[in-house]
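Student: When you get a sec, could you build the whole thing from the sequences and use the hints?
Quick mapping for you: the protein sequence lines, in order, are chains A and B. Mapping of the first sequence onto this note's numbering: position 99 corresponds to residue 394, and the numbering continues sequentially without gaps. Mapping of the second sequence onto this note's numbering: position 53 corresponds to residue 348, and the numbering continues sequentially without gaps.
It is possible that part of the hints are untrue.
Copies of the same chain are indistinguishable here, so a pair counts whether it falls within one copy or spans any two.
Claimed, not checked - Under the rule of at most 27 Å between Cα atoms (straight-line distance), these lysine-lysine pairs were calculated in the DSS-like manner:
| id | residue 1 | residue 2 |
| --- | --- | --- |
| 1 | Lys367 | Lys487 |
| 2 | Lys319 | Lys367 |
| 3 | Lys487 | Lys397 |
| 4 | Lys345 | Lys319 |
| 5 | Lys355 | Lys345 |
| 6 | Lys452 | Lys353 |
| 7 | Lys452 | Lys367 |
| 8 | Lys319 | Lys452 |
| 9 | Lys509 | Lys397 |
| 10 | Lys345 | Lys452 |
Calculated directly from the structure, the hints in this document are not laboratory data. Quantities reported herein were computed from a predicted structural model and do not represent experimental measurements.
As a plain string of letters, each chain reads:
2 protein chains.
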Amino acid sequence: MNLEVKLMKNILGANDEIATQNRKIFSERGVVVMNLMGSPGSGKTTLLEKTLALLADKIKIAVIEGDLFTAKDAERIERAGVDVIQINTAGGCHLDAPMIQKACAALDLDAIDLLIVENVGNLVCPAEFDIGENFKAVVLSITEGDDKPLKYPLIFKESEVTLLNKIDLLPFTNFDLRAACEDLTTLHPTIKIFETSCTTGAGLGEWAEWLLGKAAR
Amino acid sequence: MNLEVKLMKNILGANDEIATQNRKIFSERGVVVMNLMGSPGSGKTTLLEKTLALLADKIKIAVIEGDLFTAKDAERIERAGVDVIQINTAGGCHLDAPMIQKACAALDLDAIDLLIVENVGNLVCPAEFDIGENFKAVVLSITEGDDKPLKYPLIFKESEVTLLNKIDLLPFTNFDLRAACEDLTTLHPTIKIFETSCTTGAGLGEWAEWLLGKAAR
Numbered sequence: 296m297n298l299e300v301k302l303m304k305n306i307l308g309a310n311d312e313i314a315t316q317n318r319k320i321f322s323e324r325g326v327v328v329m330n331l332m333g334s335p336g337s338g339k340t341t342l343l344e345k346t347l348a349l350l351a352d353k354i355k356i357a358v359i360e361g362d363l364f365t366a367k368d369a370e371r372i373e374r375a376g377v378d379v380i381q382i383n384t385a386g387g388c389h390l391d392a393p394m395i396q397k398a399c400a401a402l403d404l405d406a407i408d409l410l411i412v413e414n415v416g417n418l419v420c421p422a423e424f425d426i427g428e429n430f431k432a433v434v435l436s437i438t439e440g441d442d443k444p445l446k447y448p449l450i451f452k453e454s455e456v457t458l459l460n461k462i463d464l465l466p467f468t469n470f471d472l473r474a475a476c477e478d479l480t481t482l483h484p485t486i487k488i489f490e491t492s493c494t495t496g497a498g499l500g501e502w503a504e505w506l507l508g509k510a511a512r
Numbered sequence: 296m297n298l299e300v301k302l303m304k305n306i307l308g309a310n311d312e313i314a315t316q317n318r319k320i321f322s323e324r325g326v327v328v329m330n331l332m333g334s335p336g337s338g339k340t341t342l343l344e345k346t347l348a349l350l351a352d353k354i355k356i357a358v359i360e361g362d363l364f365t366a367k368d369a370e371r372i373e374r375a376g377v378d379v380i381q382i383n384t385a386g387g388c389h390l391d392a393p394m395i396q397k398a399c400a401a402l403d404l405d406a407i408d409l410l411i412v413e414n415v416g417n418l419v420c421p422a423e424f425d426i427g428e429n430f431k432a433v434v435l436s437i438t439e440g441d442d443k444p445l446k447y448p449l450i451f452k453e454s455e456v457t458l459l460n461k462i463d464l465l466p467f468t469n470f471d472l473r474a475a476c477e478d479l480t481t482l483h484p485t486i487k488i489f490e491t492s493c494t495t496g497a498g499l500g501e502w503a504e505w506l507l508g509k510a511a512r
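Tutor: In structure tokens form, the structure reads like this:
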């Protein structure tokens, strides 16, 4: 085992310990946590804005925004009227459990039903780090292509739900919806799939309803 | 300095040494190397197919394909009739210099003018690793949104050229082309920008011409 592998194990071990602590605290405080992942530009922040608009009067939601730099996304989410904490990774490619632990110190967890963590835009690294969430969700936009589940399998295996987003652009692409759904269920037989568009509103009601069910469990 | 930072420095130091060796070999053999980066689904492989079709009778090109898993992209490129080596990172989020060194052992560098390395689909990690290339290029698709240069600045600072790809989808998005170009040139004043579409063919001729100039230098 070379140094790089050994260190990665140390890093992941330390991360998992804090993730377990986070999970315990979330459970004690009655907060359900979703780790929302996807490529840059898959539409995570816009989807989040629409989701907040649909759910904000039904449950108490807070958001943690992960970005390399800038607070652009946090500023957008703040306009939806929910508490939001921005984490800047200063170039780092994913959020980890210690970052979430620190961010949560600034949140009143007792006043929250659902905490949504929007991870750094990246279809690879975020899937490897447990942050103490209850479940992971991945947004795949139609314009990214139907080959992505097999090319980036870990994130789809780890996620309880996939949102096939920007579904309104389907007619302008060669995306094979049936093939993508087959690949997704091959990778992850129980995966839940929603087809959504933040432009037309398609699928957003069903998605929000499902998320509400998760938060109320 | 904690263990994680220390190790990252070791990893990068070892990588940079081999990148320097790679660069020396490429220079001796007269091979120009482009490191092609971008998000998953930004259109790198399709752009590469179109580029090969335009340039294959003018210069000798070989391709190294980086993917986490599968040889799907290498199979597509092979159909274009050029030599292609697939690197599977087994989940790793970027290509590094040792991977390129190994892959090049299977290529006849003396018979190549231009080596194109298609990196793993990721707008973060590949930008941090020198592989010994002459220049980096980044593909940003219109559907990813105009906020990406400021949110992922390193990759745009590091790249000599940005391809604003899927430009045919501009009318169906709220992408602000002028704002994106302004942000790109603020980050990187000498950056070259092409607007391309592999669906309509827009911009591909100018891009191929520019690349030909780089390879012939």
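Student: Next, verify each hint and record whether it holds.
Tutor: For each hint, the structure was consulted:
| no. | hint | result |
| --- | --- | --- |
| 1 | Lys367 / Lys487 | between (30 Å within a copy, 26 Å between copies) |
| 2 | Lys319 / Lys367 | neither (31 Å within a copy, 42 Å between copies) |
| 3 | Lys487 / Lys397 | neither (31 Å within a copy, 40 Å between copies) |
| 4 | Lys345 / Lys319 | neither (29 Å within a copy, 52 Å between copies) |
| 5 | Lys355 / Lys345 | within (15 Å within a copy, 50 Å between copies) |
| 6 | Lys452 / Lys353 | neither (30 Å within a copy, 44 Å between copies) |
| 7 | Lys452 / Lys367 | between (30 Å within a copy, 19 Å between copies) |
| 8 | Lys319 / Lys452 | within (24 Å within a copy, 41 Å between copies) |
| 9 | Lys509 / Lys397 | within (25 Å within a copy, 47 Å between copies) |
| 10 | Lys345 / Lys452 | within (26 Å within a copy, 32 Å between copies) |
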